[in-house]
Amino acid sequence: VSAILPLRGTTLRERSAAALAGDGHLQASLRGTTDALDGRRRNTLAELDDPDGLRAAARALRTDAIARLPELLEQVADGVEAAGGHVFFAADAEEAREHVAGLAERRGARRIVKSKSMVTEEIELNPRLEAAGIDVVETDLGEWAQQLDGEPPAHILGPALHKTKGDWVRVLGGVGYDGGESAEAMTAFARATLRERFLNADVGITGVNLAVAETGSLVVVSNEGNGRLTAGAPPVHVAVMGMERVAATWAEADLLLALLSRAGAGVSLATYVNCLTGPRRPGERDGPEELHLVVVDNGRSRILAGASREALNCIRCGACLNACPVYRQIGGHAYGWTYSGPIGAVLAPLLLDDVPEAAELSHASSLCGACWDACPVGIPLHELLLQGRADGAARDHGGERALWRAWARAWSRPRAYARTGAPAGAPVPDALVPPPFRAWTAGRELPRRSGATFRERWRRGEVLDP
Amino acid sequence: VRVGLFVTCLADLVVPETGVATARVLQRAGHEVVFPEGQTCCGQPAFNAGFRDEATRVLRRTLRALAAAQADAYVAPAGSCTTMIRTFAAGLVGDDDEDLRLVAGRLFELSEFLAAHGGALAGRRADARPVAYHDSCHMLRELRLRDEPRDALRRLGDLELADWDAERCCGFGGTFAVREPELSVAMADEKLRSLPPDAVLCGADPSCLMHLRGRLRRLGSGVEVRHLAELLEEGTRP
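Top line first, the protein sequences correspond to chains A and B.
If you read the first sequence in the numbering used here, its first letter stands for residue 1, the second for the next number, and so on.
If you read the second sequence in the numbering used here, its first letter stands for residue 467, the second for the next number, and so on.
The hints are simulated quantities; they were obtained by calculation from the structure and are not laboratory data.
Warning: the hint list may mix true and false statements.
Which residues of chain A face chain B? A partial, calculated answer using Cβ under 8 Å [what the hints assert, rightly or not]:
hint, residue
1, Phe88
2, Ser366
3, Leu464
4, Asp465
Glycine residues also receive a C-beta, built at the ideal position from the N, C-alpha and C atoms.
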C-alpha cells in the first residue's frame with residue numbers, strides 16, 4: 001500500500017515517489033479501472049450522431065454560462081426561493097462549513113448522511129461536522145470505503161477506484177462484513193447497513209451536478225441511488241454547489257447530462273437523475289421538509305476574473321483523469337488535495353493560492369493533451385496547465401528565472417548557441433538544459449552526439465547528396 | 467520547391483544524423499534545400515516551463531532567420547517544434563508578427579510535407595523487422611498527423627507496422643523529464659510495455675526518441691531507436 005503524503009510540506013516529486021514505490025498494485029489497479037472507464041467513454045460517445053459537434057456546442061454553452069454567471073446565479077437563487085427553498089452564498093470554505101454546521105445544529109442533528117460531493121471535500125466539511133459530535137456517513141459505496149479507510153477520495157468520479165477486491169474485504173471487515181470477495185455479497189452488506197442510516201438521518205447532504213436557472217431546479221446524478229435517498233429521505237436536504245455549476249435552460253442541461261454520463265461513468269444516462277425543485281409541497285408524500293442550497297465561491301471569482309476562466313467550464317466528469325498518463329502512474333492521492341488529474345493540476349494553483357506547494361501542480365503533466373481530447377466540454381487543459389506554469393514563473397524572481405535568462409541570451413545568438421552543442425562522443429553538457437538536468441540520469445542514459453553538429457556539417461558541405 | 471530546413475536544436479546539436487537524413491530525403495524528393503544558419507530554437511523549452519519572455523526572445527531569433535531565407539516552404543523533422551511555431555507562437559509574438567505569418571503559414575512537419583510534396587520518393591527497406599511507430603503528442607493531437615508518418619514509411623514498400631500502444635505519451639514532456647524524472651521514466655516504461663522486442667522503434671520527434679532511447683539503453687535493451695527521416699534516408703539511397 002502506497003503512503004499518502006499531505007500537500008503541505010511535500011513536493012510533487014516526493015508524493016509521486018511514494019506512489020511509485022509500492023509493489024505495482026496501485027498502477028495495476030489504475031491501469032485496469034481507468035482503461036475500462038476510458039473505453040466506456042469512447043463507446044458511449046460513439047453512440048451519438050455527431051459527438052464532435054455536440055462537444056463544440058457544449059463548450060460554447062458552458063463558456064456562455066460562465067460569462068453570464070452572476071445573472072444566472074441570481075436566477076437560480078430566485079427560483080429555489082420561489083419553490084420554497086433557502087439559498088446561501090458562501091464566500092469561502094469556512095463560511096460554507098459554518099453555515100452547514102449551523103443548519104445542522106439548529107435542527108439538533110445527530111446523524112447526517114451524505115452522497116458523494118467533491119465540493120464538500122474541498123471545503124473540508126466532514127471534520128467540522130464531526131467536531132460538533134455529529135455522526136456523518138458517506139453513502140456512495142466508494143466514498144464510504146474511503147471514509148472507513150481514513151482516506152480522501154482518489155478520483156473525482158470513483159473515489160475508491162484504486163482499491164482492489166482485497167482492499168474492499170479488509171475495509172468492510174472493519175464494520176462487520178465477512179462474506180468474502182463476492183461483489184454481490186459486499187453490495188448486499190452495504191445496502192443493508194446504509195439503508196438503516198438513510199432512514200434514521202436528520203440531515204442529508206448532497207452535491208449538485210447542475211442548477212438549472214430557468215426553473216431553479218437542482219440536478220443530482222448518481223449511479224447507486226444513494227443521491228435520491230440522501231436528498232429525499234431525511235427531513236432536511238442541504239445541497240452544496242460550486243458556483244460554476246449552472247445551466248441556463250433544461251435544453252442545455254439535457255446536452256450536458258448526456259455528455260457527463262458518457263464521459264464520466266461511460267453510460268448513456270446516469271442511472272438516477274434527480275431533478276429537485278424546492279422541498280416537499282403540501283400533499284406530496286416524500287421529499288424533505290427543508291431544502292437549503294449553499295453556493296460556494298472559495299476562489300472561483302478569482303478564476304472568473306483571470307486568464308484561466310475556462311477552468312470553470314468543467315462539469316467534473318473525471319474523464320481527464322482516466323485519460324491522463326500521469327494519473328495512471330501516481331493516482332489521485334499524489335496530487336495532495338481534493339481534485340486530482342489534469343483538472344486538479346489546473347485548479348490547485350488557482351483555488352489554493354495561499355498554499356505555496358500547490359503552485360507546482362501545474363507541472364504534474366507531460367502536456368500530452370490526452371485530457372483535452374477526453375474532455376466532453378473541450379477544455380484545453382494542456383493550455384491551462386501552461387498558463388498555470390506562466391503564472392508560477394511570473395512569481396519567480398530567483399534561481400530558475402536567472403537560468404532561463406542565461407539560456408535565452410545564449411540561444412538567441414547562433415554562435416553562442418552552437419557552442420552549447422556537445423563535443424563528439426561526450427555527454428551533452430548540463431548547460432544545454434537548465435538544472436536539474438542531472439535528473440535525466442535517474443533511469444536514463446544521457447544522449448551523446450556522434451560527430452559534428454548539423455550546422456557544422458552543412459558548412460563543410462557534408463549534408464546533401466553530391 | 468525551395469525548402470528552408472528548420473532543423474531544430476536537438477537535430478542540430480544532439481542527433482545531427484536526423485538533420486542530415488531530413489535534408490537528404492527532401493533533396494531526393496526533388497526539392498532544393500537551404501539551411502538558414504541564423505536559426506537556433508523555437509523557444510519551446512522555456513515556454514513549456516512558463517518563462518514566456520525568455521521563450522519569445524529565442525523564438526524571434528529563429529523566426530527572423532527563417533523568414534529572411536524567403537523559402538517557398540519550411541520543413542522540420544519534429545512535430546513538437548512545428549506545433550510550437552504554428553500553434554503557440556502567436557500567443558508570444560502576436561498573430562500579426564510579420565516573420566511569424568511568413569513562416570507559420572508554410573511550415574510543415576517532414577511527413578506532412580512529403581504527403582503533399584513527396585513526389586515519387588520511394589525506396590525499399592532491407593530490414594524485415596517490424597517498425598513500431600510512436601505517435602508524439604503534439605503531432606497527433608495538435609497537428610492531427612496520424613496517417614502521414616505511416617504513409618511516409620510505406621514509401622519504403624510493404625513494411626510491417628507493429629501493433630502497440632502507439633498513441634500513449636512516452637513521458638518526455640520537455641522540462642517535465644527532469645523536473646519529475648521518476649514519473650517521466652515510469653511513463654516511458656508504461657509505453658515500452660507493449661513494444662515488441664524484435665521491432666525498430668521509430669518516431670518523428672527527436673525529443674521523445676532521446677528519452678525512450680535513454681531509457682532503453684539504461685535497461686540494457688538493444689532495441690534500435692530511429693527517426694522517421696533516418697529510415698527514409700536509408701531506404702532511398704541512390
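Tested hints:
For Phe88/A, the interface hint is violated, the least distance from its beta-carbon to any beta-carbon of chain B being 38 Å, above 8 Å. Restraint check, Ser366/A versus chain B: the minimum CB separation of about 3 Å is within 8 Å; hint holds. A distance limit of 8 Å between C-beta atoms decides the matter here; for Leu464/A the minimum to chain B is near 5 Å, and the interface restraint holds. Of the supplied interface hints, the one on Asp465/A holds, with its beta-carbon coming within about 6 Å of a beta-carbon of chain B, less than 8 Å.
This entry does not satisfy hint 1, going by the numbered hints stated previously; all others are met.
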